[in-house]
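So the sequences go chain by chain: C and H.
If you count by the working numbering, then the first sequence holds residues 1222 to 1555, one letter each, in order.
If you count by the working numbering, then the second sequence holds residues 137 to 424, one letter each, in order.
By construction, these hints were calculated from the structure, which means they are not laboratory data.
Where hints are given, some of them may not hold.
[To be verified] Cross-link-like lysine to aspartate or glutamate pairs, in silico, DMTMM-like; alpha carbons within 25 Å at most:
# : chain 1 : residue 1 : chain 2 : residue 2
1 : H       : Lys334    : C       : Asp1275
2 : C       : Lys1315   : C       : Asp1290
3 : C       : Lys1295   : H       : Asp318
4 : C       : Lys1315   : H       : Glu281
5 : C       : Lys1315   : H       : Asp183
6 : C       : Lys1470   : C       : Glu1555
[Stated by the list, open to error] Among the chain H residues that face chain C by a calculated CB cut under 10 Å, a handful are:
#  : residue
7  : Gly181
8  : Gly182
9  : Asp183
10 : Glu288
11 : Ser290
12 : Met291
13 : Thr292
14 : Gln315
15 : Asp318
16 : Ala330
17 : Lys334
18 : Pro342
19 : Ser345
[What the hints assert, rightly or not] Negatives, chain C to chain H, calculated, CB over 10 Å:
#  : residue
20 : Leu1245
21 : Phe1302
22 : Gln1303
23 : Ser1304
24 : Ala1306
25 : Leu1307
26 : His1310
27 : Val1341
28 : Arg1371
29 : Lys1474
30 : Asp1524
31 : Arg1540
Quick caveat, the model's predicted, so the values are computed rather than measured.
The beta-carbon is built from N, C-alpha and C at its ideal position, and this holds for glycine as well.
The residues making up each chain are set out below.
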Amino acid sequence: MGRIQLKSVTKSFGDVQVIPPLDLTIEDGEFTVFVGPSGCGKSTLLRLIAGLEDITSGSIDIDGSDATDVPPAKRGLAMVFQSYALYPHMTVRKNIAFPLRMAKLDQAEIDKRVEGAASVLNLTDYLDRRPGQLSGGQRQRVAIGRAIVREPAAFLFDEPLSNLDAALRVGMRLEISELHERLATTMIYVTHDQVEAMTMADKIVVLQAGVIEQVGSPLELYRTPRNLFVAGFIGSPKMNFIEGEEAAKHGAKTIGIRPEHIAVSETEGEWSGVVSVSEHLGSDTFFHVHDTGLAETITVRADGEVGFRHGDRIHLTPRADVIHRFDAQGLRIE
Amino acid sequence: MATQHSRSVARLMMAPAVVLLLGWMLVPLTMTLYFSFKKYLPLRGGDLGWVGIDNYVRFVSSSSFWPAVQATLVIVGGVLIITVILGILLAMLLDQPMWGQGIVRILVIAPFFVMPTVSALVWKNMFMDPVNGLLAHLWGFFGAEPISWLSEASMTSIIIIVSWQWLPFATLILLTAIQSLDSEQLEAAEMDGAPVLKRFYHIILPHLSRAITIVILIQTIFLLSIFAEIFVTTGGAFGTRTLTYLIFQRVLESQNVGLGSAGGVYAIILANIVAIFLMRIVGKNLDA
């Protein structure tokens, strides 16, 4: 149904190569997330798959047939844009029906599918409104509705939640995940937010400067990041990286310890330092600790009830079994 | 309260401008109305007293009245159709990324800076002259009989000249409107399976509707009163006598100020009728 295969795909804008040769396979029904910092080429990659940009070399297969030169409309993919790209002069009903009208379906079928999509997305009451009269979340749902009525082989999402406020974002995240469970269609989702990536993905593709740094399930990336970039990008707060003498003790150029893998104690521990900032979230507390004798400030995650304040001296003990070691090239040492 | 004070001060300070504008408008209007009820022939006895609605009756019953109204509407309509259609096409062309975009855009606006008298003369002598005109040479090149544009196709010629002048205005307004179109909307329509023409019809055209409305409204106001283009080309002959031109002839050529003033009042009424129609047809686009 929706297996997408990229074979040594490259993309250049003028002399600048934004995507060096890249191979990637997205299995049918998989929820794949492209994640990376802004400007890493993840949106470009999505647009290449959509056909909105032409690839410079290589090929794209969709469902086993070569789609490299197939125009976007014929690829059987539907896309949800960051700005939603709703047609402002059309009602919600007409917006959702637009791809069906372009496909010249008969009116009864169009009505049936639009009603179906509207009821799935809780839009039935808004069908006769225009996009300008809807809230951000509702517009987002209309954009998704316009995508699902086409019954595409795969959905492409280009940072669809970045224009929503935090609370709505969590809600829409769940809705999209539920939609994926229900439709079981391939979805490719682009985001710069690693939390979205971790919570939604079956498979995460971490990109940097157009290069795939690692592909894997969320927990694989969390447990065994292949290099320093992935280690620093996945997980929140960010992994602590320690260089120098302490790293040499473990036989590595750099070691990485996640904040949640460091035990905090008032009395004893491997390192001792002073709390500079403590962030109390209720469920957790984050301490930023300096003066530990290490060059870096260490971030530690502790239970929400741990009540150290600015200026307190505390003791830290990293869990030895989850220390990540990296060599001089930044690659993981097993 | 301070706001109340500042409001009355503001009113006081605005007053001179308002009074000036009001006078500017009211004095000519009142004088036109005043003269329209008089028999006033400056070179043939001057003010010959009140004549009631005699001038109004004479102006309408003149054999040149209805043809003048028709000519006015044909010119306005023709120019509007040409400038809007070509304006949309040109705007889409100029929106494409190309080398020397800035210079091309300035050049496109250039005709708007040429005075109407000058541009009409340039067209008359350089393009439409049946002997030396560029178009005559072009016709001759293909072996066709050159057209003497201003007498044989007088209406078409004037519409061409005026359209050339107003095309930059339409293009400019429509270009800025096209540039404000979110490119993601076009991409979404492309993904939704809309081919180029359907994208134009379903996405670009609705997006431009407001700009088109503005172009039509503003141009109509100015086109109803075009004068120089007719004065220097046909001089109102060959069926190109518009209402404005007819009034000019009544006042200056026939030296009948009263009759001309009555015509002026009719022109005001015509302009208002056209404006009401336009507002009805296209004005609702401005609400949304």
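A quick look at each hint next to the structure:
For the suggested pair H/Lys334 and C/Asp1275, the alpha carbons sit about 22 Å apart, so the restraint of at most 25 Å is met. The hinted pair formed by C/Lys1315 and C/Asp1290 fails the criterion: a straight-line CA distance of about 30 Å is larger than 25 Å. With a C-alpha separation of about 23 Å, the suggested pairing of C/Lys1295 with H/Asp318 holds against the 25 Å cut-off. Among the hinted pairs, C/Lys1315 with H/Glu281 is inconsistent with the structure: their alpha-carbon atoms are about 54 Å apart, more than 25 Å.
A threshold of 25 Å between alpha carbons decides the hint, and for C/Lys1315 with H/Asp183 the separation of about 67 Å lies outside it, so the pair is violated. A C-alpha spacing of about 15 Å is found between C/Lys1470 and C/Glu1555, which places the hinted pair at or below 25 Å, so the restraint holds. A least Cβ separation of about 62 Å between H/Gly181 and chain C goes past the 10 Å threshold, and the interface hint is therefore violated. With a least beta-carbon distance of about 60 Å to chain C, the hint placing H/Gly182 at the interface is violated under the 10 Å criterion.
Because the smallest distance between the Cβ of H/Asp183 and any Cβ of chain C comes to about 58 Å, over 10 Å, the interface hint for this residue is violated. A hinted interface residue such as H/Glu288 counts as satisfied when its beta carbon comes closer than 10 Å to some beta carbon of chain C; here the least separation is about 44 Å, so the hint is violated. Hint status for H/Ser290: violated, given a least beta-carbon distance of 41 Å to chain C, over 10 Å. The beta carbon of H/Met291 comes no nearer than 36 Å to any beta carbon in chain C, farther than 10 Å, and the hint placing it at the interface is violated.
The restraint placing H/Thr292 at the interface with chain C is violated, with a minimum CB-CB distance near 35 Å, outside the 10 Å limit. With its C-beta approaching chain C no nearer than about 16 Å, H/Gln315 sits outside the 10 Å limit, and its interface hint is violated. Hint on H/Asp318 holds. Least Cβ distance to chain C is approximately 6 Å, under the 10 Å limit. Because the smallest distance between the Cβ of H/Ala330 and any Cβ of chain C comes to about 5 Å, under 10 Å, the interface hint for this residue holds.
Of the supplied interface hints, the one on H/Lys334 holds, with its beta-carbon coming within about 7 Å of a beta-carbon of chain C, less than 10 Å. Hint status for H/Pro342: holds, given a least beta-carbon distance of 4 Å to chain C, under 10 Å. For H/Ser345, the suggested interface contact is upheld, since its CB lies about 8 Å from the closest CB of chain C, less than 10 Å. Every CB of chain H lies more than 10 Å from the CB of C/Leu1245, the least distance being 21 Å, so the non-interface label holds.
With a closest Cβ-Cβ approach of about 5 Å to chain H, C/Phe1302 is found to fall inside the 10 Å limit, against its non-interface label. A Cβ of chain H approaches the Cβ of C/Gln1303 within 10 Å, the least distance being about 7 Å, so the stated non-interface status is violated. Not every CB of chain H lies more than 10 Å from the CB of C/Ser1304, the least distance being 5 Å, so the non-interface label is violated. Residue-level check failed: C/Ala1306 sits 4 Å from the nearest beta carbon of chain H, not beyond 10 Å.
Its beta-carbon lying about 8 Å from the closest one in chain H, C/Leu1307 breaks the requirement of being farther than 10 Å from that chain. Against the 10 Å criterion, C/His1310 falls within the reach of chain H, whose nearest CB is about 4 Å from its own CB. No Cβ of chain H comes within 10 Å of the Cβ of C/Val1341; the nearest lies about 19 Å off, and the non-interface call holds. Residue placement check: C/Arg1371 does not keep its beta carbon more than 10 Å from all beta carbons of chain H (closest about 8 Å).
For C/Lys1474, the non-interface assignment is confirmed: its Cβ lies about 44 Å from the closest Cβ of chain H, beyond the 10 Å cut-off. Residue-level check passed: C/Asp1524 sits 45 Å from the nearest beta carbon of chain H, beyond 10 Å. With a least CB separation of 46 Å from chain H, C/Arg1540 remains clear of the 10 Å interface cut-off, as annotated.
Hint violations for this structure: numbers 2, 4, 5, 7, 8, 9, 10, 11, 12, 13, 14, 21, 22, 23, 24, 25, 26, 28, all remaining hints satisfied.
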